[in-house]
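Residues per chain, in single letters:
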Amino acid sequence: EPEVTQTPSHQVTQMGQEVILRCVPISNHLYFYWYRQILGQKVEFLVSFYNNEISEKSEIFDDQFSVERPDGSNFTLKIRSTKLEDSAMYFCASRGGWNEQFFGPGTRLTVL
Amino acid sequence: DQQVKQNSPSLSVQEGRISILNCDYTNSMFDYFLWYKKYPAEGPTFLISISSIKDKNEDGRFTVFLNKSAKHLSLHIVPSQPGDSAVYFCAASDSSSGSARQLTFGSGTQLTVLP
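Chains A and B supply the protein sequences, listed in that same order.
Read in order, the letters of the first sequence are residues 1 to 112 in the working numbering.
Read in order, the letters of the second sequence are residues 1 to 115 in the working numbering.
No lab work stands behind these hints, which were simulated from the structure alone.
It is possible that some hints are incorrect.
[What the hints assert, rightly or not] Below are the PhoX-like pairs computed for lysine-lysine, each with C-alpha atoms no more than 25 Å apart in a straight line:
1) LYS71/B / LYS42/A
2) LYS56/B / LYS5/B
3) LYS38/B / LYS42/A
4) LYS54/B / LYS68/B
5) LYS42/A / LYS68/B
6) LYS5/B / LYS57/A
7) LYS5/B / LYS42/A
8) LYS68/B / LYS5/B
[Unchecked claim] Take a look, some chain A residues computed to stay more than 12 Å from chain B by CB distance:
9) GLY40
10) GLN64
11) THR76
12) VAL111
13) LEU112
Treat the numbers as computed from the prediction; the structure is a model and nothing was measured.
Glycine included, each C-beta is placed from N, C-alpha and C at the ideal position.
Just chain A, same shape as in the assembly:
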């Protein structure tokens, strides 16, 4: 059964460093998303991506964040200068023609 994959499973970084989180969505899906879950809080929407451009983004997704689909299979989330409050689980999701989104296993980002 096709699934969304994410790498790395755990990323530890120093405050102010850049990180890139990687995702491989399900191959025939058209919509791609990043969500995050800070420990003890809700899963929150960050950004959606369709037809090679951002279609929606939340208030959380400020200028420190960017997304890219560099090669037609990978979907990446870059945080330019990490802050302590960026520590969270980051989930990638993808969707085909229906409304169900399928999530990857997540990347745990720890900012020290």
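For this one, chain A is given, so just place chain B on it according to the hints.
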């Protein structure tokens, strides 16, 4: 911002009995609702969904009921099994975000099924 609310943080049920998980929403623009199950250190796994044009959707042991007038939905699991023990998230989407349809999540309910 509490557009999707799951007021019970936890629920314990005996194996073989029915589990009922509840979810309320405030945004009347929501037109599609989903339930996800999540185990620790894993991503949310899609379980079942329902469109606002329906009031019930069934898939095996899982049934979702939607009461639009009350802005309430519930997930029924019958019979409950120990493997169902997980955190269950209610999520909703609306068409106002265009085709993107990002999800708004509730805070989750930890279901424990006791053997």
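For each hint, the structure was consulted:
For the hint pairing LYS71/B with LYS42/A, the CA-to-CA distance comes to about 20 Å; that is within 25 Å, so the pair holds. Under the criterion of a C-alpha separation no larger than 25 Å, the hint pairing LYS56/B with LYS5/B is consistent with the structure, at around 20 Å. At most 25 Å may separate the alpha-carbon atoms for a hinted pair to count; LYS38/B and LYS42/A meet this at roughly 12 Å. Under the criterion of a C-alpha separation no larger than 25 Å, the hint pairing LYS54/B with LYS68/B is consistent with the structure, at around 9 Å.
The hinted pair formed by LYS42/A and LYS68/B meets the criterion: a straight-line CA distance of about 23 Å does not exceed 25 Å. Pair hint LYS5/B plus LYS57/A holds up; C-alpha atoms about 22 Å apart against a cutoff of 25 Å. For the hint pairing LYS5/B with LYS42/A, the CA-to-CA distance comes to about 10 Å; that is within 25 Å, so the pair holds. Our distance criterion of 25 Å between C-alpha atoms is met by LYS68/B and LYS5/B, whose separation comes to about 15 Å.
GLY40/A, annotated as away from the interface, has a beta carbon of chain B within 12 Å; the closest lies near 9 Å. Listed as outside the interface, GLN64/A is consistent with that label: its C-beta sits roughly 19 Å from the nearest C-beta of chain B, beyond the 12 Å cut-off. No beta-carbon of chain B comes within 12 Å of the beta-carbon of THR76/A; the shortest separation is about 17 Å. At roughly 19 Å, the least C-beta separation between VAL111/A and chain B is larger than 12 Å, which holds for a residue marked as non-interface.
Every CB of chain B is more than 12 Å from the CB of LEU112/A (nearest about 20 Å), matching its label as outside the interface.
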